[in-house]
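Student: Assemble the complex: chain A is given as a structure, and chain B must be docked to it using the hints.
Here's the letter readout for the chains.
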Amino acid sequence: MTELTNLTVAQIRDGHRAGDFSAVEVAEAFSANVAGAKALNAFIVETPEHALEAAKQADADRAAGTLKPLSGVPIGMKDLFCTDGVQTTAASHMLEGFIPRYESTVSQKLWDAGAGMLGKLNLDQFAMGSSNETSYFGNVISPWRRKDGGNAALAPGGSSGGSSTAIAARLCPAATGTDTGGSIRQPAAFTGISGIKPTYGRCSRWGIVAFASSLDQAGPMARDVRDCAIMLENMAGFDAKDATSLNLPVPDWEAALSSDLKGKTVGIPKEYRLEGIDPDIDAMWDAGIAMLKDAGAAVVEISLPHTKYALPAYYIIAPAEASSNLARYDGVRYGLRDLPAKNSSGGGAGLQDMYAATRAEGFGPEVKRRIMIGTYVLSAGFYDAYYTQAQKVRTLIARDFEQAFASCDVILAPTAPSAAFGLGEKMADPLAMYLNDVFAVPASLAGLPAMSVPAALNREGLPLGLQIIGKAFDEQSVLNAGLAIEERAGFNARAEKWW
Amino acid sequence: MTIDQATVRKIASLARIAISDAEAAAMEGELNGILGWVEQLGEVDVTGVEPMTAVIPNTLRLRDDVIDADPLTGGNRRDDVLANAPAAMHGFFGVPKVIE
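Line by line, the protein sequences are chains A and B.
So for the first sequence, our numbering puts the first residue at 1; every next one is plus one.
So for the second sequence, our numbering puts the first residue at 1001; every next one is plus one.
One chain only, chain A, in its complex shape:
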């Protein structure tokens, strides 16, 4: 029998249904992998008992003939989703020890569908980062290594780096991610797996620790396109508790999967051809274009003229929303409290001193940097010059996509401008780190569905991902184009086990 931890979500679901193995065997096999992979630091909390309990239920449901869509499938949960009774930290010191008394809508839907939880996955602190190095609990390490004989530790991408590493290292078959400016797609590309950010509003934000609410969107990460479709069906859906939740039926994405792209048109944005970019990235992109043509699609060049302004607009809008959202961490209601003995002038410390000390202690440098930027661009006298201007540019970026989609159905581009970089390589320069999201951020600003699928290995033996961006609500075309690439790229490389 194939090793259980090499199976995909669909294979586990179908194999369990057919009686090839028990759900308990699957949960135990993955939990053993999790326990044996401490060196990757992918999990903040391990919950084998949760996975086992769900597995026992799945086996009982099979006997009773009441199987659910994800019965027998254990998954990883990004530690940004509140889980009832299980510590939820957003990888911050601020929320260390925080134990929610409620369950996020997305995680509840997954449990209701029969899935079990292997643990809470590490991430960049408050999802702010592209390499996982801002986590208070230490950075996740990618299972991948360059084929240069060296053992340099590589970034798993961010912010969903625990999710990407855990899937690539076969610690779980699928995991949740969240994407504010590329946090599902870029880590998926860095680790040779798939991930989709659906249309803004498809998945409820209720119970997800907030970063930038107009951008935050949950989505699945898994080894292939079909698994992403299965997971997304069980994460999406209307939720009255989220004011921006879309009141639309959840399509049967898996059943409608088709890699036949006859009659479809793929747009290639000329502004994404960056000068001086790694030739391996351009070569992968050209190969991707050929694959979609082979699948029957027509290919046209399109223009997204405001592309170069997406990243600077994002780095005004996201920090502005973060500075507002993170105002809730005050040392009063939940999370860390630091009450100094004296205030700065030697008197008794009061409420304001407690706020300032708590936030100085509880937030890491990148989180503070973004709160400060956000506070500045929202402050009196600068609001119009920065924030209003950025929101107008955001309108133009969304309009670019609208006009481009008049002549195509999906857009194909690289997911990231490079393969995984080494840990520490970009930490000294925040701007260099931000630039890694150059291809991911425009679709986030426009709220569009976008996915990354593994397409090739670069000359160092590291995975590269292709990104497909679709029209609002049209996840199906995104998944189908992703499937067409997956079938033709034949990407089956995996990291050699060293941990």
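A hint or two may mislead.
To be verified - Covered by chain A, according to a simulated footprint, are these stretches of chain B (three or more residues, beta-carbon under 8 Å):
hint, stretch
1, 1009-1020
2, 1025-1034
3, 1041-1055
4, 1060-1068
5, 1087-1098
Said to hold, decoys possible - Not the full set, but computed from the structure, chain B residues with beta-carbon under 7 Å of chain A:
hint, residue
6, 1006
7, 1037
8, 1038
9, 1080
10, 1084
No lab work stands behind these hints: they were computed from the structure.
For clarity, every value in this text was computed on a predicted model and none was experimentally measured.
Think of the CB as a built atom: it goes at the ideal place given N, C-alpha and C, for glycine as much as any other residue.
Tutor: Showing chain B alone in chain A's frame:
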């Protein structure tokens, strides 16, 4: 437009984050680097363009006008609300003295 250390301290105070002089000095360079970079947005012609308010067209809903329409987010959850408070006492959030 560049910001000086006094401005950095002012922003930190508005954001309720205590910072040392060394941190203010380090942040001055970082924030100026980022703000200098985002200033390129000023070159975009936005004449007649409305700032974006909703990325996907959606209408705001009204909930039913009843108490505790959703039992999960309704009332009578005092103990749950206080469960993670660093200094809950007598059924309230505890804070340092605010009135002299």
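Student: Hint by hint, where does the structure go against what was stated? Just the numbers, ascending.
Tutor: Violated: hint 6 alone.
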